[in-house]
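**Q** Generate the whole structure from the sequences, applying the supplied hints.
First to last, the sequence lines map onto chains A and B. Just so we're on the same page, our numbering is the position in the first sequence counted from 1, plus 40. Just so we're on the same page, our numbering is the position in the second sequence counted from 1, plus 40.
Everything labelled a hint here was simulated from the structure, so no lab data went into it. Possibly wrong hints are sitting among the right ones.
Unchecked claim - Result set (DSS-like, lysine-lysine): computed pairs, CA atoms no more than 27 Å apart in a straight line: (1) Lys100(A) / Lys90(A); (2) Lys60(B) / Lys100(B); (3) Lys60(B) / Lys193(A); (4) Lys100(B) / Lys100(A); (5) Lys85(A) / Lys100(A).
Protein chains: 2
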Amino acid sequence: MQTQVSPPAEAPRSTPAADKILDVAEQLAQTRGFNGFSYADIAAKLNVTKASLHYHFRSKADLGRALIARYHVVFERALAAIADGPGDARAKLLRYVDLYYDVIVSDRMCLCGMLAAEYATLPVPMQAELRLFFDANERWLTVRLDEGRRAGKLAFREPAKERARLLVGALEGAMLVARVYGDGGRFRAAGLAAIADLHVRRASNVA
Amino acid sequence: MQTQVSPPAEAPRSTPAADKILDVAEQLAQTRGFNGFSYADIAAKLNVTKASLHYHFRSKADLGRALIARYHVVFERALAAIADGPGDARAKLLRYVDLYYDVIVSDRMCLCGMLAAEYATLPVPMQAELRLFFDANERWLTVRLDEGRRAGKLAFREPAKERARLLVGALEGAMLVARVYGDGGRFRAAGLAAIADLHVRRASNVA
DNA sequence: GTCTATAACGAGATAGAC
DNA sequence: GTCTATCTCGTTATAGAC
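**A** Below, the structure written as structure tokens:
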């Protein structure tokens, strides 16, 4: 079963040095935002000079684009692993929530959620790359939701695509707010409740 | 019925000039983020100099704090109007969603959702002010949810406070992602679905 | 209350040596 | 590939005249 649908426009050729730069930049972008860190910050953490960073990523826009592309590839790989793994649709959705949970417990925001906030200030190539990420998430969730509904394991009123959008937004937003309180538990509770809402109800007035 | 619960720590004394500055700063902060605009941007839009802005708001941190405080006051007033107005709990929740919808149709992100993303880079006083906003939203929603559930008009599994947090996150996140696509309709659909999830179900297997 | 002028700093980026 | 050195620009902020 091939679940890889739309890879990022251009996978970054990875060298050890470039990878280390991306690692640090990613951590900074996920905690402070893309406009919240500079080449100087990365250089300091790696004990190199700013000039050497420019050798690997000519401009910050290039760095940002590579950042999203790599994040997207890794995420997509995780999604494929879940999709191709065991369990019913509900179990897979819960593993999807765990993917996000792993991010917030490392005191980060989802890279793409963070960049979504900064969208208006991003270079156009980054904006395009960002949409690809959300599109991929939406598609993956849509398949899982349809699958679960057809199997009678999940219930929801609207088209699967709409529910998928609701889920992506709910998880991104839950992370966003949870970070203000430094409380991953807040995210987890919201994530689980969002999936629980998809329960097939047989009794009346579940309150 | 008094619904005003926790006003922001310090309401900004409003002069016409300060108000105009806040208006412009608010628009910029909601579209570009707090770190995405400068005094120069405000000065240009108002045809004044940067120095004159510093007369009204000594530092950008002061400006930011005033920004949140004013936003909080206005929002709280709107919440009180809804709470004290007609309609059942569900109708009030829908009007709450409309409050957010009005923001995104003006091509903005919720100010506090935007600031939540930038949380780690914000001056401490702004961080504190920000939590007050989310606390107030959570409290207001919790009351509405409890009210609706007691009246048998709303159904949900978890404590009202948890559902309130889920709703705040879902709406903030829906706005965040919808802005990437420049599509307010995305937000609206998610918002309505989130409220629809609170329907009391009498039939089985609502799919 | 708004201006001119400027300080002090950090940003992204480049040239050219090693 | 990484360095030193430098450039240019934008940023927040202040002093002091009007």
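**Q** Confirm or reject each hint.
**A** So, going through the hints one by one against the coordinates:
Among the hinted pairs, Lys100(A) with Lys90(A) is consistent with the structure: their alpha-carbon atoms are about 11 Å apart, no more than 27 Å. The suggested pairing of Lys60(B) with Lys100(B) holds, with an alpha-carbon distance near 15 Å, which does not exceed 27 Å. With a CA separation close to 54 Å, the supplied pair Lys60(B) and Lys193(A) exceeds the 27 Å bound. Proposed proximity of Lys100(B) and Lys100(A) is supported: the alpha carbons are some 25 Å apart, at most 27 Å.
The suggested pairing of Lys85(A) with Lys100(A) holds, with an alpha-carbon distance near 17 Å, which does not exceed 27 Å.
Checked against the numbered hints above, the structure breaks only hint 3 and satisfies the rest.
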